[in-house]
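Visitor: Sequence:
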Amino acid sequence: MNIVRRKTGWIEVICGSMFSGKTEELIRRLRRAEIAKQKLQTFKPIIDKRYSKKYIVSHDKSKMISQSVKNSEDLYKKVRSDTEVIGIDECQFFDKELPETCNKLADEGKRVIVAGLDQDYLGRPFHPLPELLAIAEYITKTLAICVKCGNPANRTQRLVKSNKEILLGAKDIYEARCRNCFKPIKD
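Reminder that position 168 of the sequence shown reads as 1576 in the numbering used here, one-by-one numbering, no gaps.
Derived from the structure by calculation, the hints contain no laboratory data.
From a predicted model like this one, the values you see are computed outputs, not experimental measurements.
Be careful, since some hints might not be right.
Subject to a maximum C-alpha distance of 16 Å in a straight line, what follows is the list of computed EDC-like cross-link-like pairs (lysine to aspartate or glutamate) [what the hints assert, rightly or not]:
| id | residue 1 | residue 2 |
| --- | --- | --- |
| 1 | Lys1447 | Glu1492 |
| 2 | Lys1445 | Asp1490 |
| 3 | Lys1504 | Glu1545 |
| 4 | Lys1549 | Asp1456 |
| 5 | Lys1486 | Glu1516 |
| 6 | Lys1447 | Asp1490 |
| 7 | Lys1478 | Asp1456 |
Using the sequences and the hints given, assemble the complete structure.
Guide: See below:
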């Protein structure tokens, strides 16, 4: 149990591969904040239109109302002064200023919950998540199930050839893989 003696903010990071339940966990935490009657706002990057423009949506179709933002500065400007909890989905699509923005919000007494991919399609750290991990008070690493062998999966296998770091898609372009079954496709 966490004991908070006075109003303070903090950063929570939920990370893992695609199909590991990151957005489901983010929505779960935000729903609990709603039950506690805390004022919350949820944000996602404007480029993520896979399921909805107005909602963060998990692969299992759980959803929560959200605001789309261009970048970290836009996100910061849209945070209301009375907001207590901030949810940020798909943080890997944000700019490198996101950790600084999250720090500023936490310093202002807000609980900031961030979800995103920790590795890119080549298995390398996916920025700005490593920087967020370094400053977070709480970290949750989620694992998927490898579609090849059934072992725990912590990598995202790209199924098409492309050297773009950001290539939006879901099961049509990506699948979860374990360390042994992961074979990066380089263009």
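Visitor: Now look at each hint and say whether the structure bears it out.
Guide: Each hint, compared with the structure:
1. Lys1447 with Glu1492: OK: Lys1447 and Glu1492 at ~5 Å, within 16 Å.
2. Lys1445 with Asp1490: holds (12 Å)
3. Lys1504 with Glu1545: Given pair Lys1504, Glu1545 is violated - Cα atoms ~19 Å apart, limit 16 Å.
4. Lys1549 with Asp1456: violated (22 Å)
5. Lys1486 with Glu1516: holds (14 Å)
6. Lys1447 with Asp1490: holds (7 Å)
7. Lys1478 with Asp1456: holds (10 Å)
The structure fails hints 3, 4 (numbered hints given earlier, in ascending order).
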